[in-house]
Amino acid sequence: GESVGLHLPTLSVQEGDNSIINCAYSNSASDYFIWYKQESGKGPQFIIDIRSNMDKRQGQRVTVLLNKTVKHLSLQIAATQPGDSAVYFCAETAMWYGSWGKLQFGAGTQVVVTP
Amino acid sequence: EAGVTQFPSHSVIEKGQTVTLRCDPISGHDNLYWYRRVMGKEIKFLLHFVKESKQDESGMPNNRFLAERTGGTYSTLKVQPAELEDSGVYFCASSQSTPGRGDAFFGQGTRLTVV
Numbered sequence: 001g002e003s004v005g006l007h008l009p010t011l012s013v014q015e016g017d018n019s020i021i022n023c024a025y026s027n028s029a030s031d032y033f034i035w036y037k038q039e040s041g042k043g044p045q046f047i048i049d050i051r052s053n054m055d056k057r058q059g060q061r062v063t064v065l066l067n068k069t070v071k072h073l074s075l076q077i078a079a080t081q082p083g084d085s086a087v088y089f090c091a092e093t094a095m096w097y098g099s100w101g102k103l104q105f106g107a108g109t110q111v112v113v114t115p
Numbered sequence: 116e117a118g119v120t121q122f123p124s125h126s127v128i129e130k131g132q133t134v135t136l137r138c139d140p141i142s143g144h145d146n147l148y149w150y151r152r153v154m155g156k157e158i159k160f161l162l163h164f165v166k167e168s169k170q171d172e173s174g175m176p177n178n179r180f181l182a183e184r185t186g187g188t189y190s191t192l193k194v195q196p197a198e199l200e201d202s203g204v205y206f207c208a209s210s211q212s213t214p215g216r217g218d219a220f221f222g223q224g225t226r227l228t229v230v
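Protein chains in written order, with my numbering: chain A, 1 to 115; chain B, 116 to 230.
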């Protein structure tokens, strides 16, 4: 079946360095992608999104890149801070009867920021 | 403005018992979703309400799970009878019906433990 998956289950990064989290997707019908951050004991928190008609979008310290040719999504975090330690999920969805349908999540990547 | 709230935050029940989870979405959000994450697995979609109607319930695992959203406001998810494999974290999310944004706001989750 089609799925969204992550290449690395755990990513260790030194404070101040840049982080890159990767995600592969296979559903060609998906046209909207989201990155979520989940801290312990909390629900997923929206970080940044991107539509399929874009290949790059920037936020505050974060950048999402979308490569539709190889069905690859990445999240870049600049100057990683201890507060960035969390599990990061990519998710995909598509318009469904005029409304956004279900999100399909990847397995998640644990980011650990070391001093 | 209050976010998505879920009750209880944690529930421990015996196999065969019944548990009801509740979700209060963000006011004005027509879309309400239930997801769950079982140990070591990715977050999986359960179902999607648009107001009080079930738009997509393709993720409901079996007929032991019953979701309702009477009046199009809060929603309940009942598991009856609960089995060991139902243990996990159940998330509720809500979103607006604005085509431009598909991101859903998540609650903190209900951790269900079936013993």
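Think of the hints as simulated: they come from the structure by calculation, not from any bench. Among the clues, some could well be false.
Here are the computed lysine to any residue pairs in the SDA-like style, where the Cα-Cα straight-line distance is at most 25 Å [unchecked claim]: (1) A:Lys-42 with B:Gly-143; (2) A:Lys-42 with B:Glu-157; (3) B:Lys-156 with A:Lys-56; (4) B:Lys-130 with B:Glu-167; (5) A:Lys-56 with A:Pro-115; (6) A:Lys-42 with B:Ile-128; (7) B:Lys-156 with A:Gln-45.
Here are some of the chain A residues that sit facing chain B, going by a computed Cβ distance under 7 Å [unchecked claim]: (8) Pro-9; (9) Lys-102; (10) Phe-105; (11) Ala-107.
Quick list of simulated restraints, FRET-style, between CB atoms [as the list claims (entries may be wrong)]: (12) B:Gly-186 with A:Ser-52: 41 to 51 Å; (13) B:Thr-228 with A:Asn-27: 30 to 40 Å; (14) A:Pro-115 with B:Arg-179: 21 to 31 Å; (15) B:Glu-167 with A:Glu-15: 44 to 54 Å; (16) B:Val-153 with A:Ser-52: 27 to 37 Å; (17) A:Ala-94 with B:Lys-169: 13 to 23 Å; (18) A:Asn-67 with B:Phe-122: 37 to 47 Å; (19) A:Gly-59 with B:Ser-124: 21 to 31 Å; (20) B:Val-127 with A:Pro-115: 17 to 27 Å; (21) A:Gly-16 with B:Gly-131: 45 to 55 Å; (22) B:Gly-143 with A:Gly-83: 47 to 57 Å; (23) B:Lys-169 with A:Ser-52: 20 to 30 Å.
Here a beta-carbon is modelled for each residue, glycine too, at the ideal position from N, C-alpha and C.
These are the hints, each one checked on the structure:
1. At most 25 Å may separate the alpha-carbon atoms for a hinted pair to count; Lys-42 (chain A) and Gly-143 (chain B) meet this at roughly 22 Å.
2. Restraint check for Lys-42 (chain A) and Glu-157 (chain B): satisfied, since their Cα atoms lie roughly 15 Å apart, inside the 25 Å limit.
3. Between Lys-156 (chain B) and Lys-56 (chain A) the alpha-carbon distance is near 29 Å, which puts this suggested pair outside the 25 Å criterion.
4. Using a Cα cut-off of 25 Å, the hinted pair Lys-130 (chain B) and Glu-167 (chain B) is violated, with the two alpha carbons roughly 30 Å apart.
5. Using a Cα cut-off of 25 Å, the hinted pair Lys-56 (chain A) and Pro-115 (chain A) is violated, with the two alpha carbons roughly 30 Å apart.
6. Taking the CA atoms of Lys-42 (chain A) and Ile-128 (chain B), the gap is about 22 Å. The hint holds against a cut of 25 Å.
7. The straight-line distance between the Cα atoms of Lys-156 (chain B) and Gln-45 (chain A) is roughly 18 Å, inside the 25 Å bound, and the hint therefore holds.
8. The restraint placing Pro-9 (chain A) at the interface with chain B is violated, with a minimum CB-CB distance near 10 Å, outside the 7 Å limit.
9. The closest approach between the C-beta of Lys-102 (chain A) and any C-beta of chain B is roughly 4 Å, which is under the 7 Å cut-off, so the hint is satisfied.
10. A least Cβ separation of about 4 Å between Phe-105 (chain A) and chain B falls short of the 7 Å threshold, and the interface hint therefore holds.
11. The interface hint given for Ala-107 (chain A) is met, as the beta carbon of that residue sits about 5 Å from the closest beta carbon of chain B, less than 7 Å.
12. The hinted window of 41 to 51 Å between Gly-186 (chain B) and Ser-52 (chain A) is violated, with their beta carbons roughly 35 Å apart.
13. For Thr-228 (chain B) and Asn-27 (chain A), the hinted distance range of 30 to 40 Å is satisfied, since their beta carbons lie about 32 Å from each other.
14. Pro-115 (chain A) and Arg-179 (chain B) have their C-beta atoms about 47 Å apart, which leaves the hinted 21 to 31 Å range violated.
15. Look at Glu-167 (chain B) against Glu-15 (chain A): about 48 Å separates their beta carbons, and that is inside 44 to 54 Å.
16. For the pair Val-153 (chain B) and Ser-52 (chain A), the supplied restraint of 27 to 37 Å holds, since their beta-carbon distance comes to about 30 Å.
17. Hint check: Ala-94 (chain A) to Lys-169 (chain B), Cβ distance near 19 Å, so the stated range 13 to 23 Å holds.
18. Restraint check, Asn-67 (chain A) to Phe-122 (chain B): a C-beta distance of roughly 41 Å satisfies the suggested window 37 to 47 Å.
19. A hinted range of 21 to 31 Å for the beta carbons of Gly-59 (chain A) and Ser-124 (chain B) is consistent with their spacing of about 30 Å.
20. The given range of 17 to 27 Å is broken by Val-127 (chain B) and Pro-115 (chain A), whose C-beta atoms sit roughly 37 Å from each other.
21. Taking the beta carbon of each, Gly-16 (chain A) and Gly-131 (chain B) are about 52 Å apart, inside 45 to 55 Å as hinted.
22. Under the hint 47 to 57 Å, the C-beta atoms of Gly-143 (chain B) and Gly-83 (chain A), about 30 Å apart, miss the expected range.
23. The supplied range of 20 to 30 Å is met by Lys-169 (chain B) and Ser-52 (chain A), whose beta-carbon atoms lie about 27 Å from each other.
Of the numbered hints listed earlier, those contradicted by the structure are 3, 4, 5, 8, 12, 14, 20 and 22.
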